[in-house]
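S.K.: Letter by letter, the chains look like this.
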Amino acid sequence: MTEGDYRHLYVVMEHEEGKLIPVSLEMLGEARRLMDNFNKKYSSEEKVVAVVLGHNVKKICEEMIHYGADYVIYADSPELEYFRNLTFTKVISQIARDKDLARKVSEEYSKTFKKPRYMFFAADSVGRHLSSTVLVELESGLASDINKLTVDDIEVTHQHKTAGKPMKYNKILEMYRPDFSGFLWTLILCLDNKNPAIEREYHPQACSIIPGVFEPLEYNASRIGEIIEYHPKLEPEDLRVKILSRNIVKSEIDFSRYKVIVSFGRGIKESPEENIKLIEEFAKELDAAIGVSLPISKKPYSVSERMKFTYMIPDRVIGTSGRKVAPLLYVAVGISGAMQHIAGIKESDVVIAINPDENAPIKDECDVFIKGRMEDVIPKLIEVLRKQHPKIRT
Amino acid sequence: MKIMTPPLNVAVIVKLEPDFSEGNVTYNSDGTLNRAETKSTLGPHSAVAANAAFYAKVKYGARVAISTMGPPVADLALQQAQLISNAEELHLYSDRIFAGADTLATAEALKTGIKKMEGKMDIVFSGHRASDGETGQTGPQTAWKLGFPFLGDVIDYDINLEARTVRAKRLITLQGFYDIVEEVEVPLPVFITIHPSYRPLFKTVSERLAFEKYQKEAKVRAANYKQYLKIFNAEQLGIADLSLVGLPGSPTIVYKVERIPKGKANRNAEMVDGSDSEAIRKVVIKMQEAMSRMVIR
Chain A
1 MTEGDYRHLY VVMEHEEGKL IPVSLEMLGE ARRLMDNFNK KYSSEEKVVA
51 VVLGHNVKKI CEEMIHYGAD YVIYADSPEL EYFRNLTFTK VISQIARDKD
101 LARKVSEEYS KTFKKPRYMF FAADSVGRHL SSTVLVELES GLASDINKLT
151 VDDIEVTHQH KTAGKPMKYN KILEMYRPDF SGFLWTLILC LDNKNPAIER
201 EYHPQACSII PGVFEPLEYN ASRIGEIIEY HPKLEPEDLR VKILSRNIVK
251 SEIDFSRYKV IVSFGRGIKE SPEENIKLIE EFAKELDAAI GVSLPISKKP
301 YSVSERMKFT YMIPDRVIGT SGRKVAPLLY VAVGISGAMQ HIAGIKESDV
351 VIAINPDENA PIKDECDVFI KGRMEDVIPK LIEVLRKQHP KIRT
Chain B
1001 MKIMTPPLNV AVIVKLEPDF SEGNVTYNSD GTLNRAETKS TLGPHSAVAA
1051 NAAFYAKVKY GARVAISTMG PPVADLALQQ AQLISNAEEL HLYSDRIFAG
1101 ADTLATAEAL KTGIKKMEGK MDIVFSGHRA SDGETGQTGP QTAWKLGFPF
1151 LGDVIDYDIN LEARTVRAKR LITLQGFYDI VEEVEVPLPV FITIHPSYRP
1201 LFKTVSERLA FEKYQKEAKV RAANYKQYLK IFNAEQLGIA DLSLVGLPGS
1251 PTIVYKVERI PKGKANRNAE MVDGSDSEAI RKVVIKMQEA MSRMVIR
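Protein chains in written order, with this note's numbering: chain A, 1 to 394; chain B, 1001 to 1297.
So here's chain A without its partners, still in its complex pose (with noise of 0.2 Å):
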């Protein structure tokens, strides 16, 4: 491996209706913040390149500049009007191969560049398979659903990657993704094999990263950069995918149409099927959603079918794996606060936790908190709620 071979941090943005998708300039921001300390570390000019595909997208390209890019490769095209798997993993692969786009970018290295250092996709129905489909043309590998990410200098001791003897690997991109229960962190790394016997290159090192975590950059018009134009070469075959209709629906828990949402988790352990009922009970008295966290989705516990089919479903859940929420009141019961789950909740105006433990990560992460167990502290809510007049209805 030369030092040109793989350059620049690619991020696959994702836009609808002429707008980027919040998780695209989030992504932006992130490459913005771990290029700039890359550069320095390692006194290099690697780029941010925002790579994006679509029909009229021109106009979007500069706002990426203002965002953080230093260049934006797009590709324009009634074909590429909305998203195909097929036709966009052929796209961005030649995209992320292209040495002439390379050479545009930099000049510096581009002979022998063949793919991007670092690769970037957005964790959601889009980019999620779209970097499965990519890093599989591409061959190398990919982390998924990532909330933290460093680039370091790392010396690694592996059965397979080095033999068994420690190596030293440079400019790794340390990818951390949160376990389905929030309170792990995987540190994954996509590293060459550099054992003899199988030796192989594996780049880019590519994440998918969930939307909601990283803080985009302020916009800025006076940020410059510059806008390439690729013309993809599409084969019929790479088209046969063909979109007929496209509807858009609402979904039938709708969170946005309430002012107060009462969520649940684990906490309703004790006797799920009653304390389900002592939550559908409140959330009455408020007019508000009820919504799940992360494990209920994954039906824990032995309730009725009613319960099981209209609470224990993925479409309830709040959070990072499910939907992010911002209502006037956002009531936490029987929740620990897994970050997953914070992530989803944060835009709340207020937020009341109800937990026995006190040391739940919850705490820090609401405005009052009751200590107590939800079958003692709800009734009494319900009480006061109950002897409220007017009630209040939203």
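These are calculated hints, taken from the structure and not from any lab test.
Misleading hints may appear alongside valid ones.
[To be verified] For lysine-lysine, the following DSS-like pairs were computed, each having C-alpha atoms within a straight-line distance of at most 27 Å:
#1 B:1203 with A:269
#2 B:1219 with A:148
#3 A:171 with A:104
#4 A:346 with A:259
#5 A:308 with B:1203
Dock chain B against chain A, hints included.
M.R.: Showing chain B alone in chain A's frame:
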């Protein structure tokens, strides 16, 4: 007159996962999963995928094959998926060489196995994501290795056997925007991951009769699942390049697992004793103030 239709071959890739149901799952005191004491079962999303294959059987008389990669005990997932789908063929890819595979190396083994199944596959189904790993990468990566167009988050599909095309509805969730139901048409073969909300619908009497017949048959087959089971090690599977599977074929490694440090407090909580009625009354007032605030966003 009965129209002769070409046969349809479908496959499902499934996974044995921790059983998150009550009495089977055990958590450590720090809230993490106790893997040693938690039982295993067919993953819930794999079950949904098997259900989608069963739909193809009832509606189009499809032949169903199921495969998984894992240790010998993973045959439990195959048996459970057979009970759902009435599969004719079960594949288990089991070899020490496969251990420690990331999604890319897993996809290589699954792709090789699918190509060894009887008949040329028209549709391969997988679940939305595993409930333990939750990457959702193995499905699309297997699709790309097979050279099949990939359709994710499918909530409904139907096949035109004469034209050899599939029509599918996909649910696209856009964070910060809205959801979209997209209808697409693709010539077979195709790879489909099934959205968790998928429920097959059998409308006609003949479909319902076929449904009952196949369900009965599935019970008998699953009780004798070993008759349908083929176990392959890497060599039997015919993996051409052993450096593409298992640890050597995995670009990524788990370098370490650490506890997520507690972040700085974002809100300053007022502590309330849940048994103090007066304090509870004040909380309710606070709640009502919050609710009656003007919405200016």
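S.K.: Work down the list of hints and note, for each, if the structure agrees.
M.R.: Cross-check of the supplied hints:
For the hint pairing residue 1203 (chain B) with residue 269 (chain A), the CA-to-CA distance comes to about 39 Å; that exceeds 27 Å, so the pair is violated. Restraint check for residue 1219 (chain B) and residue 148 (chain A): the C-alpha separation of about 47 Å exceeds 27 Å, so the hint is violated. A hinted pair counts as satisfied when its Cα atoms are at most 27 Å apart, and residue 171 (chain A) with residue 104 (chain A) qualifies at roughly 23 Å. The suggested pairing of residue 346 (chain A) with residue 259 (chain A) holds, with an alpha-carbon distance near 15 Å, which does not exceed 27 Å.
Annotation: proposed proximity of residue 308 (chain A) to residue 1203 (chain B) holds, straight-line Cα distance about 25 Å (limit 27 Å).
In this structure, the earlier hints numbered 1 and 2 are contradicted, and the remaining ones agree with it.
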